[in-house]
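> As given, the protein sequences belong to chains V and U, one line each in that order. For the first sequence, the numbering used here assigns the number 1 to the initial residue and increments by one for each residue that follows. For the second sequence, the numbering used here assigns the number 1 to the initial residue and increments by one for each residue that follows.
Treat the hints as calculated values from the structure; they're not laboratory data. Be aware that a few hints might be false.
Unchecked claim - Label-pair ranges, simulated between beta-carbon atoms:
| id | chain 1 | residue 1 | chain 2 | residue 2 | range |
| --- | --- | --- | --- | --- | --- |
| 1 | V | 13 | U | 26 | 44 to 52 Å |
| 2 | U | 28 | V | 71 | 35 to 43 Å |
| 3 | V | 37 | U | 94 | 20 to 28 Å |
| 4 | U | 104 | V | 71 | 24 to 32 Å |
| 5 | U | 225 | V | 20 | 32 to 40 Å |
Claimed, not checked - According to the in silico footprint, chain U covers these stretches of chain V (three or more CB under 8 Å from chain U):
| id | stretch |
| --- | --- |
| 6 | 27-36 |
| 7 | 40-53 |
These numbers come from a predicted model, not from an experiment. Cβ atoms here follow ideal geometry from the backbone N, Cα and C, with glycine treated the same way.
As a plain string of letters, each chain reads:
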Amino acid sequence: MSEIVEEIREAYQAVGIRLDQPAAYGTYYRLLCAGCGRMVGNVGDRLLPGMARQIVDEQFDLYAAGLLGCACGHQRDTTQRLNPERWRRSQARYGGLTEGAQS
Amino acid sequence: MSEMEIIRDAEERGRTDLWPLWRKAYAQGDPLPKFVCQVSRPAHRFDEGQALPEEYKALLLKMLRHEGERAGNKSFLGFMGTCLDIAEALFPSREMKLLKAEYLAEELKHAIMFHRLAVGLDHDFALRDVPYAHYAFHLPRETWADDAYFHFFVDLNGAFHARDWRESSYVPLQKMSATVERDELGHSEMGYYFLTEICSTRAGRALAQKLLDKWYPAALDMFGRSDSPNAPKFIHWGLKSVGNAEIRQAYKAYVDRKLLALGLDLPDERKNRRFL
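With the rest of the complex left out, here is chain V (with noise of 0.2 Å):
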């Protein structure tokens, strides 16, 4: 597994998605629910070094929020128990908002 791809499951593990086996001649990678293995979406191995990491952590709020992540709800429960006041504090930005905002 090259550098790129090891960062790009570190980064996901952290919030509850977990990296599939290699997609599209080893392009591409399905990005799967940990808690119910739901596809969330998928990403590339042609990130920058970096970019992974500063994706998702940007996207905490989001998935504390439920505006991304499964609907099963493994990754709002995941941001809670990684960073319990940041997740407060996204619940007060973007509380109220989840309905409808994503498929």
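Let chain V serve as the given structure and place chain U on it in line with the hints.
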């Protein structure tokens, strides 16, 4: 009926009030800026089968590697597969999934067109697997809004480059430029249509605003560095009309206007940029 007529017929039977989305955009006038070369250069013109100068051929192949939409490029076909995956997992309705399928059909049409061009240029290149190198093609897509931004920004990049190919010194590329430009503009409009739907709710707009921080710098970075040493060579040989900074500036003006119309705030254009 010739093969191309059959393809054209199939395409026209797919038309609805909405699809293809380029129709509405072009009905209101030319949606894209015209790029005029500002430097003096020789008038080159090369057709398929002609011997190409070494530097010219190398630059043309470099440009086509970035473009990527070739039937012989298995990474492109793999990328198309990820598009279906995304639509199946994240899109909100059958109507939107069908629009995505129309998009795929057109991209596969381009794959045939660019395959023919590649075969006429270099057989080894026609068979070469070239994964997309730019990070914009690899950004995570975790919601319908991510995919909407991908199409709005990335396909529009293709439309801007195809517009410039109208003046290309390579005749096969110049001949297909209008079709590719029109289709790619339509794909961008599809993304914008999705964004319009998404931004119609407070939650959707909040999501779109946050995700814009991820996509906006990538979109501007796609044009490469403003001081690219290759840009003057592309212009000299008639493969491009303007440099990276000029085309990026025109693109930025276009996307900014449309993003503001959605009620979104524009990010700082230098924030998170990798290729200035």
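> Counting residues of the stretch 27-36 of chain V whose CB is closer than 8 Å to a CB in chain U, do you get three or more?
This one holds; 4 residues, not fewer than the three required, reach chain U with a Cβ under 8 Å.
> At the C-beta level, are residue 13 of chain V and residue 26 of chain U separated by a distance inside 44 to 52 Å?
holds (46 Å)
> Between residue 37 of chain V and residue 94 of chain U, does the C-beta distance stay in 20 to 28 Å?
Between residue 37 of chain V and residue 94 of chain U, where Cβ atoms are some 24 Å apart, the hint holds.
> That 24 to 32 Å hint for residue 104 of chain U and residue 71 of chain V (C-beta), does it hold up?
holds (26 Å)
> Counting residues of the stretch 40-53 of chain V with a beta carbon closer than 8 Å to any beta carbon of chain U, are there 3 or more?
holds (count 11)
> Range hint 32 to 40 Å: satisfied by the CB atoms of residue 225 of chain U and residue 20 of chain V?
With Cβ atoms ~34 Å apart, the hint holds.
> Within 35 to 43 Å or not, the Cβ separation of residue 28 of chain U and residue 71 of chain V?
holds (39 Å)
Checked against the numbered hints given earlier, the structure satisfies every one of them.
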